[in-house]
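Given only the sequences and the hints, what does the whole structure look like? Please build it.
Chain by chain, the residues run as shown.
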Amino acid sequence: MSDEYDNNKSYQAQSSEVMDGSTGSVSPDIDYVRPSEVGEQELYHPHSFIEKWVFCQDAKVIGVQYFLTAVFTGVVGLILSWLMRLQLGFPELAGFMTAEHYYQFVTMHGMIMVVYFLTALFLGGFGNYLIPLMVGARDMVFPYVNMLSFWMFFVAVAVLMASFFVPGGPTGAGWTLYPPQTILEGTPGAGMGILLMLISLSLFVIGFTMGGLNYMITILQARTRGMTLMRMPLTVWGIFTATVLAMLAFPALLVSAIMMTLDKVLQTSFFMPTILKAGEVLEYGGGSPILFQHLFWFFGHPEVYIVALPAFGIVSDLISVHARKNIFGYRMMVWAIVGIGALSFFVWAHHMYVSGMNPWFGFFFATTTLIIAVPTAMKVYNWILTLWRGNIRINVVMLWCLGFIVTFVNGGITGIFLGNVSVDVPLSDTYFVIAHFHMVMGIAPLMVIMGAVYHWFPLVAGKMLDEGLGKWHFWITFLGAYSIYFPMHYLGFIGVPRRYFEMYDSPYMTSAVGMNEFISIAAFIVGAAQFILIFNIIKTLKTGKKAEQNPWKANSLEWYTSTVPPEHGNFGDRLPVVHRWPYDFSVPGAKEDYIPQTTAPSEVIHTKVEKT
Amino acid sequence: MHAGIIFLLVIIGSILFHIFTPWYWTDIASNWKGMDDTITLTFWVGGGVFVAVCLFMIYCVFRYQHKEGRRAEYKPEDKKLEKILTWATTLGVAALLAPGLIIWNQYVNVPKNAIEVDVMAWQWGWQYRLPGKDGKLGTTQVRNIADNNPFGINPDDPFGKDDIMVESDVINLENNRPVKILLRSVDVLHNWYVPQFRAKMDAVPGTVTFYWFEPNKVGEYEVLCAEYCGVGHYAMRGGVEVQDKADYEAWLGEQETFEQLSARYEKLNVDGNKLAKK
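These protein sequences, in sequence, are chains W and R. Note that this note's numbering has the first sequence beginning at 1, numbered continuously upward. Note that this note's numbering has the second sequence beginning at 1, numbered continuously upward.
Take every hint as true, because none was put in to throw you off.
If you anchor each label on the Cβ, the simulated ranges turn out as follows:
1) R:Pro155 / W:Tyr504: 35 to 43 Å
2) R:Arg237 / W:Gly279: 18 to 26 Å
3) R:Gln65 / W:Lys539: 25 to 33 Å
4) W:Met247 / R:Val51: 36 to 44 Å
5) R:Thr207 / W:Pro565: 54 to 62 Å
6) W:Leu68 / R:Ala52: 36 to 44 Å
7) W:Phe531 / R:Arg63: 33 to 41 Å
8) W:Trp360 / R:Thr139: 19 to 27 Å
9) R:Lys67 / W:Asn358: 55 to 63 Å
10) R:Lys83 / W:Lys539: 48 to 56 Å
11) R:Thr207 / W:Phe346: 23 to 31 Å
No more than 25 Å apart at the CA atoms, straight line, and that leaves these computed lysine to any residue pairs for SDA-like:
12) R:Lys79 / W:Tyr381
13) R:Lys80 / W:Glu610
14) W:Lys591 / W:Val33
Simulated from the structure, these hints should not be mistaken for lab results. Just so we're clear, the structure is a prediction, and the values are computed from it rather than from any experiment. Ideal placement from N, C-alpha and C gives every residue a C-beta, glycine not left out.
Set out below in structure tokens:
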């Protein structure tokens, strides 16, 4: 649309969206919003401390519970990474660590960070807290099931952590749990450890399914009046699409976990061929180890996007709010999220180019993988075009967003190396892969999580986090993490394989010793820097500045609750009515540089609103 | 300091690191130079995009820093710009994909004159077998594996008798002659990988996988296991010695065939029995 539109004309365009379904006639009232078709949800208000804070049905409390539990697992994962880096950088100081320990730490670090930390944090944490608030609902549609979801997750984490204390320790099979080695002697934790891992994963999937149903149905059915799908914040779009992916992908993980449990316990041979161990032929035969890899990555690749899509959505909102500019190309952003989600089911075997699967698959999966680069690149362009001609606040939230763009683009580009089948051949199973996925799905989503924490903390706690500490936290984390993973790619070029407890003295690997020491030191510092955030939170809760309502001057509904922090039910007596998308920043003619979603057109009659 | 300056230094640092890094490829010793070239191409295109995106971002951070009272531009969509960007990206991606697929096509089509090398992996080591005079490897089965039959060759298979058994974790290869590596594993996943050859593939128990390359530099190389295979993974090393034709054939002549190995064991058995009788 051009800028020449006069006010009347542009409102004509809007009112076509509020057409009266029964007659097809256009309502003359520009503020008209279709009445809701169903009555309001009845909420079960807590009657005791336990109902309020433990077995709570309020999605916001459940979100915080998920968040804190996920952060706990994240701290465990962080400590494990320190131990790994100690062994790799300074083996002489890691005398207590055997190869068994090392592989157990590698495995638990990977599984914890991907599933129990990132997935739970984005969907369980941010999803629970933000979905009802952002779509204008009083709560999730199934609050009781939502409560069960968290506690199932909690039990899954408890079972996972218990595996550290069973005989033989946790599994050391690598987070991909490839059979046959996973359940055979010769791999650490092939007894109790792997069983507990499989049980924990199964519990996680069950718990997640309960939560996921809630997220999907709440978004589809419980949006407030006027909140059309194309008016939803991208955060909600990202979480929604990720949830759909999760509901389709996690069953593959569940069945492979069940089959592997049977292979382990009942000596079935789903994944187990004839095997000779220590001179004896084992009681297995005819199974296919590659079948497991297909199932695992059918889950595993969408899983990458289960983490990435919420991050995409959240970062879009943060950039838009803090650049005081509408997100550029909203519709493109929505379709890119949906398109990436759909495509993510057709790329799984790019993790298996050198797995021994039929090599002709390589052509198909390389093509699909590189196609996915197109919508992903569009998202990147739209983020930077949102910054362009903006009015950018360079605060802590924006810094994390900028850090995200740098690390995500870096990791995305290296993905094009690895996705391009024959380029993957020399690089797969080397440090290049480690550097790639840590950059793209470790550091980049983490940047978004941190930005989101600084952004929404005033809403959750009613107090502003300290900006000075936040800047220290950001710069140490960003510069440190970048200097861990950027040079690590070059170890992969040398050919240094991943999952090596020790390098010995291969000529081309000894040159990597110095870099390994440097990377380890950076890892210790980056890890330690995360405690700045914990300190910042504690300090803020005790003595922090009280947050005004809507401190960032954002438009989306979560900032327009009846109280801050929002109480159970979110919006007081009356649910908000939505008249526009959440990105009306710096609209020409408007008094402020933002127009909340709840503002009716008649209140801003002199503005040149283009999209609603 | 202004945030943009630090981001700028990060980007400049990345470029300088790439130019001056002492850590880079080992010298290539096989025909897969095309892989290196595709990587280089991807580096130029991808690296260019990375630098361009970051510089644009940094420019925006400098140029459009928040000022009270200023308004951002209000322009929700720009169909034309989005279209240009979509097509430019699609073209760029296709340009990178094409060489990748061409080389993959070479990778999965083994030349007819390639010599087969049977690589058998186990926790944690390697063994090798070469076809004998008949040019064919005998069929194998895990259940046949025994001291006198380390590869589990089917005793009834006539092609197996003259197979050459290399009783070492080092294999010799002839320079400038393509080899088809046949990978087998008797227990778990492994991967026979020589960084200088660039190529790799998993060995999967229950099936035979393959890849090929043509060594083109005489020398000794270290074999690494590139697929996690249990607690001894990092120590699962082997070797390759690439030799000129004459040296290679001399070495080949010294190796034992399956028939000779069986006979040796039979003799050992007979001798052992004789000893026991005495």
